[in-house]
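Number of protein chains: 2
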Amino acid sequence: MDKIHIGLIGFGTVGTGVVRVLKENAQVIKDRLGKEVVLKKIADRDIERDRGVEVSKDALTTDVDSVINDPEIKIVVELIGGTGAAREIILRALKNGRHVVTANKALLSTHGAEIFSAAEKNGVNIGFEASVGGGIPIIKALREGLSANRIESIYGIINGTANYILSKMTNEGGKFETVLREAQKKGYAEADPTYDVEGIDTSHKLAILINLAFGTHVPLGDIYTEGIGRVTELDVKFAREFGYKIKLLAIAKAEDGVIEARVHPTMIPLGHPLSAVDGVYNAIHINGNAVGSVMFYGKGAGMMPTASAVAADIIDICRDMSGGLSVKDGWRGPRMTPLGYAEGAERALSIKKIDDLDVPYYIRFSAIDRPGVLSRISGVLGAHDISISSVMQKGRKRGGTVPLVIITHNAFEREFRKALDEIEKLDVIAGKTMCIRIEESNGGTQ
Amino acid sequence: MDKIHIGLIGFGTVGTGVVRVLKENAQVIKDRLGKEVVLKKIADRDIERDRGVEVSKDALTTDVDSVINDPEIKIVVELIGGTGAAREIILRALKNGRHVVTANKALLSTHGAEIFSAAEKNGVNIGFEASVGGGIPIIKALREGLSANRIESIYGIINGTANYILSKMTNEGGKFETVLREAQKKGYAEADPTYDVEGIDTSHKLAILINLAFGTHVPLGDIYTEGIGRVTELDVKFAREFGYKIKLLAIAKAEDGVIEARVHPTMIPLGHPLSAVDGVYNAIHINGNAVGSVMFYGKGAGMMPTASAVAADIIDICRDMSGGLSVKDGWRGPRMTPLGYAEGAERALSIKKIDDLDVPYYIRFSAIDRPGVLSRISGVLGAHDISISSVMQKGRKRGGTVPLVIITHNAFEREFRKALDEIEKLDVIAGKTMCIRIEESNGGTQ
Numbered sequence: 003m004d005k006i007h008i009g010l011i012g013f014g015t016v017g018t019g020v021v022r023v024l025k026e027n028a029q030v031i032k033d034r035l036g037k038e039v040v041l042k043k044i045a046d047r048d049i050e051r052d053r054g055v056e057v058s059k060d061a062l063t064t065d066v067d068s069v070i071n072d073p074e075i076k077i078v079v080e081l082i083g084g085t086g087a088a089r090e091i092i093l094r095a096l097k098n099g100r101h102v103v104t105a106n107k108a109l110l111s112t113h114g115a116e117i118f119s120a121a122e123k124n125g126v127n128i129g130f131e132a133s134v135g136g137g138i139p140i141i142k143a144l145r146e147g148l149s150a151n152r153i154e155s156i157y158g159i160i161n162g163t164a165n166y167i168l169s170k171m172t173n174e175g176g177k178f179e180t181v182l183r184e185a186q187k188k189g190y191a192e193a194d195p196t197y198d199v200e201g202i203d204t205s206h207k208l209a210i211l212i213n214l215a216f217g218t219h220v221p222l223g224d225i226y227t228e229g230i231g232r233v234t235e236l237d238v239k240f241a242r243e244f245g246y247k248i249k250l251l252a253i254a255k256a257e258d259g260v261i262e263a264r265v266h267p268t269m270i271p272l273g274h275p276l277s278a279v280d281g282v283y284n285a286i287h288i289n290g291n292a293v294g295s296v297m298f299y300g301k302g303a304g305m306m307p308t309a310s311a312v313a314a315d316i317i318d319i320c321r322d323m324s325g326g327l328s329v330k331d332g333w334r335g336p337r338m339t340p341l342g343y344a345e346g347a348e349r350a351l352s353i354k355k356i357d358d359l360d361v362p363y364y365i366r367f368s369a370i371d372r373p374g375v376l377s378r379i380s381g382v383l384g385a386h387d388i389s390i391s392s393v394m395q396k397g398r399k400r401g402g403t404v405p406l407v408i409i410t411h412n413a414f415e416r417e418f419r420k421a422l423d424e425i426e427k428l429d430v431i432a433g434k435t436m437c438i439r440i441e442e443s444n445g446g447t448q
Numbered sequence: 003m004d005k006i007h008i009g010l011i012g013f014g015t016v017g018t019g020v021v022r023v024l025k026e027n028a029q030v031i032k033d034r035l036g037k038e039v040v041l042k043k044i045a046d047r048d049i050e051r052d053r054g055v056e057v058s059k060d061a062l063t064t065d066v067d068s069v070i071n072d073p074e075i076k077i078v079v080e081l082i083g084g085t086g087a088a089r090e091i092i093l094r095a096l097k098n099g100r101h102v103v104t105a106n107k108a109l110l111s112t113h114g115a116e117i118f119s120a121a122e123k124n125g126v127n128i129g130f131e132a133s134v135g136g137g138i139p140i141i142k143a144l145r146e147g148l149s150a151n152r153i154e155s156i157y158g159i160i161n162g163t164a165n166y167i168l169s170k171m172t173n174e175g176g177k178f179e180t181v182l183r184e185a186q187k188k189g190y191a192e193a194d195p196t197y198d199v200e201g202i203d204t205s206h207k208l209a210i211l212i213n214l215a216f217g218t219h220v221p222l223g224d225i226y227t228e229g230i231g232r233v234t235e236l237d238v239k240f241a242r243e244f245g246y247k248i249k250l251l252a253i254a255k256a257e258d259g260v261i262e263a264r265v266h267p268t269m270i271p272l273g274h275p276l277s278a279v280d281g282v283y284n285a286i287h288i289n290g291n292a293v294g295s296v297m298f299y300g301k302g303a304g305m306m307p308t309a310s311a312v313a314a315d316i317i318d319i320c321r322d323m324s325g326g327l328s329v330k331d332g333w334r335g336p337r338m339t340p341l342g343y344a345e346g347a348e349r350a351l352s353i354k355k356i357d358d359l360d361v362p363y364y365i366r367f368s369a370i371d372r373p374g375v376l377s378r379i380s381g382v383l384g385a386h387d388i389s390i391s392s393v394m395q396k397g398r399k400r401g402g403t404v405p406l407v408i409i410t411h412n413a414f415e416r417e418f419r420k421a422l423d424e425i426e427k428l429d430v431i432a433g434k435t436m437c438i439r440i441e442e443s444n445g446g447t448q
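Which chain is which? The protein sequence lines are A and B, in order.
The first sequence lines up with residues 3 to 448 when you count with our numbering.
The second sequence lines up with residues 3 to 448 when you count with our numbering.
Please keep in mind that the hints were generated in silico from the structure rather than gathered at the bench.
Since the list gives no way to pick one copy over another, a pair counts as held whenever it fits inside one copy or between any two copies.
Here are the simulated lysine-lysine pairs, DSS-like style, with alpha carbons at most 30 angstroms apart:
id, residue 1, residue 2
1, K123, K5
2, K396, K177
3, K239, K427
4, K5, K32
5, K37, K97
Note that the coordinates shown come from a computational prediction; the quantities given were computed from them, not determined experimentally.
Next comes chain A alone, as it looks inside the complex (with noise of 0.2 angstroms):
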């Protein structure tokens, strides 16, 4: 039986879930393939260390060279992370004319452009559906199954920390800093939770969904990005009233050529799709113009989803590779670009500025509770021609702060921005205010 070579570097978590994927499961890869893959070479700087899985003594190394530069090795799979030398490894790989796998979110959204056009220049693949919702084939979705649809929107839950921090607060209470605490305990979320509480890794994946989906590069900058830190217990209770739930969620729409791109808290509804999707689990919801509503569900991190994802790549090289069940003459080119978008059609669409955003909000004031407090609120919204759709004010406490929520009609983000400004100005306002856009869509369930 045929044989392909694959070189692994990086050896961490998820290369350790691909060095098992491969070994576990190689007889259902091989029945499937045709073929058999061989992990021939890993490199990694500690090669001591026991990662639980046998791995031959000669397969290690620590030179990452030693890897790119094999002949016998077509694929090389990039796990390092990081935008540094894993950029220069996989450009380096790619210009010697090796397939490359890679999970790297972070590299692909700043550095896209020039890796894909790198991919195309030599002619072969370039396999990243480990980089978005981690076992969940959505770049092949989005690429291949979808293909057909103009794409309206992706709404995404797409980094499994902040979900399980959410879904903790929603379904057993407690405090943001609090839950962060016991996810960190429980290993959900890193020492540094930055990337994943601050909505950056949610970016990032946007960044590469709005490629593939619109077939255009979006700078991350141009994403508005805001994290969920200060969402509160009280923020998650009444957001429940109103029959929402709050999740860190990743938006695209396309409308006439002008492609909207944040990543911030959102209210969605209880009937949505997305708000039953719970816990470190992903979803991407998207709606096609043919297709309607689809979404997709899964583990979005952990050693063996993500391995998957990989080892899935790995195995659709191995067919392109394989050159044809009838004709036995080699590689003669990858059968798509990596977006899936022909040479000269991809395109560079305008970003949406945040001001120019018109959705309906949620704002949680502080206000002293007294009368005539709401007659003053929501007369600088009607000046800024917001208007309320509901109040709620829980509570009383003559005189001290009490929170009173407003859920608005739609309004342009510029204007709300201002009579916010104007609002917190008021005397009757003592704190912080909160605010979290609201998505009214359903999801296409009726």
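Dock chain B against the given chain A, drawing on the hints supplied.
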């Protein structure tokens, strides 16, 4: 720009959808493919009726052969359905070296082996994404996205009509017959609803999913199939009280080379992601040994969602036909077999007999309300080694008939049937007993 010519056979609802998608999304398809897809011919018995889409008169024909034999037409799309003419047309097209795209689940579940091997023998592709789950790219997910996994289980809500009826009964109440009539009025159920409500359509689709997941053909007769016609309002209500929802599930599991394959009304925990899938929506929940739980959700039928899948197959084949981006020497054979298993790797696995099934049951007896009833029933169950997990009797009607509900622990179907026969002969049982199998898995949530 290159053009790829295709022919359509069957200008019904889905055929019309395909014409619309190719027309309305021509630009995005061109962008993704770098080629133009030209619908050169459309064959149907009726070429007069207005389908609400503009089609050139010259393209329409009643002559199927003129499509299959047109040397310019590379892809034949079969959308006439059924297992008679469709089979013959597909086999001839394949023999002619045409790629084929079909949505025909009835055909593939009965003659799949013949058709797939004809495609292989003739070195062409056959696309059948639209045969299961409408617009949900589930075929691609199983064949490619999850290809590195040993699939452990599949749970599918894959018939929109049945799910619409059960959802309606669950959420709004109503008898099966009443809700079915309503669904018929709304166009969600056929005038003859047998295929949908009796689980036949679901078993067809399950056979295809089993093909892909386990690389084995399962005779339809080996799939235990039971419809939803006997589910009552009462069962739906009791289900909820015990923390379940009733869904018509397609279930497949693989263990030690034995496949469980069954279609029946099933109680699943309210926390299972499938339990939230309501109305005409479909969802397929898969457990892979690496990826864990994943779920795919979307519209399982309808003109445009199904056309989305057909068009995706067309694009996929065109990408294969493009012969790679860097070489222009035409077609050289599919990159994989139709089911994604290497030649010779498909296996004949044995299907578990329903008698050997080992699951918990919900049983609703129509019992005479008098002391000692439970003792007699549980005595018979116990004699068959079936233990009780919980019991509920609502309402009292001394000497009259009341529903007595028992949830059992795992029990073998064979013993369960014997016990039931004995119990039904007891003089404390006054009517027909209803049984629904339970799946306890929560689908990997928490």
